[in-house]
Amino acid sequence: MANRLRTRQALGATLLASAVVLGFGAPALAQQNDAITVVQEQEPDTLDPCELTKKNVGMVIRENIVETVTEINQQTGKVDPRLAESWSTIDDTTWRFKLRPGVKFHDGKPLNAAAFIQAFKRMMDPNLSCSNRVLYFEGMGVDLTAVDDLTVDVKTPQPSPIMPVLMSMVGIESPATDAHTLVRNPVGTGPYRLVEWASGRSITTERNPDYWGEKPQVGKVTYVFREEPAVRAAMVANGEADISPVIAPQDATNKDTDHSYLNSETVRLRFDIGKPPLDDIRVREAINYALDRQAMLGTVFSASWQPAKNMVMPTINGYNDAVPFWPYDPDKARALIAEARAAGVPVDNEILLIVNNGSPGGTEAPTVMIEMLKDAGLNVRLQILESAEFYKFFYKPFGDGQPANILFESHDNNSGDAGFTLVGKYASWGGTSKLNDAEVDSEIKRGLAATDPERGEIFRDVFKKVHDMAVDAVLYHQTTDTRIGPRITYTPTAATNQELQISQIQFK
Amino acid sequence: MARYVLRRALQSLYAVLMLLLIVFAMTRLTGDPTNQYLPLSASPQARADFAALHGFNDPYYVQFIHYVSDLAHGDFGQSLFKQRPAMEVALEAFPITLTLAFFTMSIALVLSIVLGSLAAMRPNGLFDRMISPLTIFTASAPTFWVALVAIFVFAMMLGWVPTSGMGTPVHWILPVCVLVLTPLGVLTQVVRSSMVSSLSAPYAKTALAKGASDARVVFVHALRNSLLPLITIAGVQATGLVNGAVVIETIFGFPGIGKVMIDSIRDRDFSLTIACILLAAVVVYAMNVAIDIMYARLDPRVQIGGEARR
Chain A
219 MANRLRTRQA LGATLLASAV VLGFGAPALA QQNDAITVVQ EQEPDTLDPC ELTKKNVGMV
279 IRENIVETVT EINQQTGKVD PRLAESWSTI DDTTWRFKLR PGVKFHDGKP LNAAAFIQAF
339 KRMMDPNLSC SNRVLYFEGM GVDLTAVDDL TVDVKTPQPS PIMPVLMSMV GIESPATDAH
399 TLVRNPVGTG PYRLVEWASG RSITTERNPD YWGEKPQVGK VTYVFREEPA VRAAMVANGE
459 ADISPVIAPQ DATNKDTDHS YLNSETVRLR FDIGKPPLDD IRVREAINYA LDRQAMLGTV
519 FSASWQPAKN MVMPTINGYN DAVPFWPYDP DKARALIAEA RAAGVPVDNE ILLIVNNGSP
579 GGTEAPTVMI EMLKDAGLNV RLQILESAEF YKFFYKPFGD GQPANILFES HDNNSGDAGF
639 TLVGKYASWG GTSKLNDAEV DSEIKRGLAA TDPERGEIFR DVFKKVHDMA VDAVLYHQTT
699 DTRIGPRITY TPTAATNQEL QISQIQFK
Chain B
55 MARYVLRRAL QSLYAVLMLL LIVFAMTRLT GDPTNQYLPL SASPQARADF AALHGFNDPY
115 YVQFIHYVSD LAHGDFGQSL FKQRPAMEVA LEAFPITLTL AFFTMSIALV LSIVLGSLAA
175 MRPNGLFDRM ISPLTIFTAS APTFWVALVA IFVFAMMLGW VPTSGMGTPV HWILPVCVLV
235 LTPLGVLTQV VRSSMVSSLS APYAKTALAK GASDARVVFV HALRNSLLPL ITIAGVQATG
295 LVNGAVVIET IFGFPGIGKV MIDSIRDRDF SLTIACILLA AVVVYAMNVA IDIMYARLDP
355 RVQIGGEARR
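Residue numbers (the numbering used here), protein chains in the order written: chain A, 219 to 726; chain B, 55 to 364.
Chain B with its partners taken away, still in its complex shape (with noise of 0.2 Å):
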């Protein structure tokens, strides 16, 4: 196991310093932040001067240059906008970002487990037939307007939670709920789904045979079966929250990595945009590592760091 890790986290090496090329050719692509920072009315000397004083008048390869230098000596350069360490910047929201992607990423998990599970033990059941919409309109619903819908009825019109913010845990609550609409959605159609071929397998039938309860054959045989599609689904969904709830963050005030990162494109704040994006890759490889190592866990047949039985 620990050689897997390992070996994992050399490719990662690769690939983030492929990532880092990327992107620092793209945010160089979309041109100098001098007009972006200084004032309408600066004057064109104080721009040349500007774009002299951060280099952004120098070829492309001497501003990477300089950059990976920086970088080998942890300096990951500083934020042109905030007139802060960049990193320190991204390593402020990014906590926020992940708290808000565990709550929910757990609670979707567990109540698509459930819901997804009690919809495939009658199919086409009464159930079924109205989690199956529900799900779907969940999962397609445009979160920045149930966002404003969920603030006008709870906060305005029953005023049970704030609008906005993130003082106390009841601020939470409205954020974590309309975030988690889109994957319980998602993944409730992938449990009932891949439940219901499980059910349907000659062990489940075996297992019913022998008098075990539905509830038995439902969760402790078939669910094991049924996750491995539904990890990989989570995954997915949780490598995009992971690099930001943007529009969640943006509505509910939450200062995270999204939001961090978005209006430092916006700002043409090269060195956050980047700083953002290699903490995010990081985050998204050792998830992903976790997700081998899961696997691995659930389904005997996979094996890491060797070779698999296949």
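Looking at chain A on its own, in the form it has when it is part of the complex (with noise of 0.2 Å):
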């Protein structure tokens, strides 16, 4: 036994004496010329183009493997050509969809119209959970029908104006691609293919040297997965990745790498407006007084964030810069309150203030938000959930016993259309809208059938009702810091915590 241990001993010693060399000879990592590495949070749990929506795999697949009929210009708001080179509506329920011509998939196939049809088939399939579907196009029962061999008809029973925008969501994979299950090697027609996924690991893309369009700078892309952020702002400072989309804004502290962009999420207290008190348009309009927006900045919330009055982002088509902030006066607040009580309207009814765990702000934030409310004379009490409890009162049906609550919530629309949002937030039939109003369910039901200008115009007044009526306090813009290393050049834009075009990326 004691030579045995002796063994095992010397063994032991020598494993860490090797260690301790190996540890004093580490070069940082060398990255060959065109390659860069990214580290993103969590990884894809599939690469299914009829998953590009959701943030994982997009920032992977989106437009640098597989690419999209139709994009969104994150500047403008407006839909630019991808591989659809041109569309044009032919009547009230058809849009035509041109497709550019010489495009080649991955593995040689032809980019054409029925290669775009079996694609789309494929994520309205039920049988895969295609989010792409589930999100944007469930129960809408479009047809597609191929014109010519580049020419692709694209019908629906009711008009729908947006097609163009919604077709930014649909990525178009190579026929070849297996019909029934979600897959894990994408082939697209974009500027990179996927080399490896060693799963757990990393992904490495490489550029394709077929690609349609201009060839990017960067030739290799491995992706690699931390989710802790000060880990992955470490690995940019430190030279062992270029770029990291997503850091925590208290690891934000290097103004040459890192960046601060508005995210396209909204932040808002959604008011259970069916149930006393807060059926009273006193009681709400004297919460969005009570709150003091600009004090939470750099205290509770992060500095970089910015005040909202509409659920959507300055650039989406619909925003209305003219509904006004709602200014902090605890005074009128308190007056409010008071005015509502005196009219019998029970605002002592104890509210609760719903949060999901892990909220940005933390429990910080609505333990100040309640103070305040408090200070205003009602009685609010904080009620923390973890996902699954948050939902029972973030979703449709809201249950028959559900106590009065106020619910903190983020929503993110980045697809350049407010329509996604009014019809969520605030139609009777919104998954998730407490708002049951005919005049803004037809206002945004006439928005919807409308094309722009007229749309944007009908959206605008959608938003200053819901402001008038004090339907909930909308808060912040979210912002989204990202860390940039010396190499490279990038401009971080509203999509990029959901999307990463590589061919946006130069070395210096």
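Note that these hints are calculated values from the structure, not bench results.
The beta carbon of each residue, even a glycine, is placed where N, CA and C say it ideally should be.
Worth double-checking, as some hints may not be accurate.
Partial selection, computed: residues in chain B whose CB lies under 8 Å from chain A [unchecked claim]:
(1) Thr84
(2) Ala100
(3) Ala102
(4) Asp103
(5) Phe135
(6) Ala147
(7) Leu202
(8) Ile205
(9) Thr217
(10) Gly219
(11) Thr304
(12) Ile305
(13) Pro309
Assembling the complex is the task here: the two chains are given apart, and the hints tell you how they should meet.
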């Protein structure tokens, strides 16, 4: 036994010694000249083109490996061509898309009308859990027909004025793609093609030499995954990675490498507008006046966030700049609550402030907000819930017995059009809407059926109306911090936390 | 011995089945994964379809019967999020955790025996007084914090090692060194205290009186008797590591079983959670058998597989 132990001891000592020696000799990881490393928060679950609107998937494949039919220009908010060269309306319910000629998939097959239709049908297959369908096309009854080899008619039962916007969510993959399962090896037309996915470790892509468009500068990309934001920031600082699209605000301390940008997420307090005392507009207005939005920036929320007045970013079609900010006016808030109390509104009824654990602002932000609301004379209690419980309050059907609540939520719209937001948040049929107002409903419906410029006008009116009704307390547009290493230049846009177009990255 | 291993295997099978039942029930209690999986703006119809497709609407006992019958065919189910067989995902991650655990425990055992014995040779001597606070610190310092400080110092300030990742052997140094600290601290304390009592035993004194060197008395005579508590505690520590060094795996980007398990729990990816737990359970049982056998080897009074002479 003693012998055996001595052997093990020696072995252990050798291992340790070699570890230490290796450690001292470790150089910083050198990068190949035209290769870059991207460090992301989480590894994607699949790389299927029909999931490219999912953040983790989109970051790797969207417009890199798989291209979409159209593309939203993040600077202008307009729809740009991508795989479709042009589009036009044939009649009220039909759009005609003309595909770009001479485009080939990575496997050599040509891009044509048949490939587009096959990819679209695959996305619409209910046996595949494609988030692109679930998010944007479920129940729409879209019908595609080939007019010629490069022309496709897209027909819907109802007029769909934003079909070109929706087509920016549709990626076209090779017709050889497995129709029955989500794939891990997407074959698209993009400027990059997949080389290897070493599960749990990294994904590697390389430049597609046969790309139809301009040749990008970056030749090879390695994606690695680190959940801890401090580690992601450290990797870029240390030269182990060139870009981390998302780092924590507290780590964004270097002005030369760290950039903050509006990320298309907006946060609000949603009021349970049907239940007393929140059914009284004075109470809802009082909450808006009671919140000191400026004071919470840089204290409980990131200093780079911007106060918001609409539930969409300023670049989105339908944003109404004429909607006023709610000023911080605690006296007015107290007066409104007192007035409501005098009129018999049960303002002393307990209201829950529902927050999902892990929301930005942690427990501090809701605690601060509750103090402000208590100061106005309301009886609010904090309820921090784990996701499964939170969703019971967030989504319809809302349980009958749910107590009156205010819910802190974050909403993302980088589609270029306010339609999704207005339906989801303010229409009576919206999945997370508490509002049930016939006038708002009919305006939203009218807007959805209209094209610009009328569409934008109607949406602006709806934003004004919901503001005047104090349906919610819109709080802030969120920002994301990104760290970009010294070797490359890249300008982050609102889409950078959803997609990272490698072709837009250049070496210094 | 073979009979003993077989009997333990049968006992373990029963325990694993009970574990399966409990874990299955507990995963289901955490709620329907539909909302977790579908995007925020999915329609109620899409939610209902999704739940129906995956059987989340069925009564729990129906879901359990389906699961067990699939299991009997060697099918551990499909990971909802990764859209791959759950066991495939678990088996891919497990070797990484086992390798981490192996290096960590090997280093911790060797170092703790050396440090603990040296400290025990002169209780309250200079070395002992240095080692004790140090090991108490390493045993109690939060791994999360130590890991971040280690990255800052050794990767960013000194540049000796990369911050994270597992590409080359160099990448393993920092995570293993951080991971070793807790078991090293605990085990050194254990070795020290059991060695102190062994060295005061009559046989050690006799050996010294007969002129044996200090080193010989410690490492040849007393060590063997001090190993029993060490193995018990080391077994507990190793079990923890095999279940996944979640914090280390997360910070350093090691795709081990702990990280997979935590992610699967967060995502309500039931099949994957169960596959990971079953896999870890089997290994833990195997380790317990191994520890029992080691006990018998070290201490002739312990006999396995039959009637122990107590």
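Going through the hints against the structure:
no.: 1; hint: Thr84; verdict: 6 Å, holds
no.: 2; hint: Ala100; verdict: 5 Å, holds
no.: 3; hint: Ala102; verdict: 11 Å, violated
no.: 4; hint: Asp103; verdict: 7 Å, holds
no.: 5; hint: Phe135; verdict: 5 Å, holds
no.: 6; hint: Ala147; verdict: 6 Å, holds
no.: 7; hint: Leu202; verdict: 6 Å, holds
no.: 8; hint: Ile205; verdict: 6 Å, holds
no.: 9; hint: Thr217; verdict: 5 Å, holds
no.: 10; hint: Gly219; verdict: 6 Å, holds
no.: 11; hint: Thr304; verdict: 5 Å, holds
no.: 12; hint: Ile305; verdict: 5 Å, holds
no.: 13; hint: Pro309; verdict: 3 Å, holds
When each numbered hint is compared with the structure, a violation occurs for hint 3 only.
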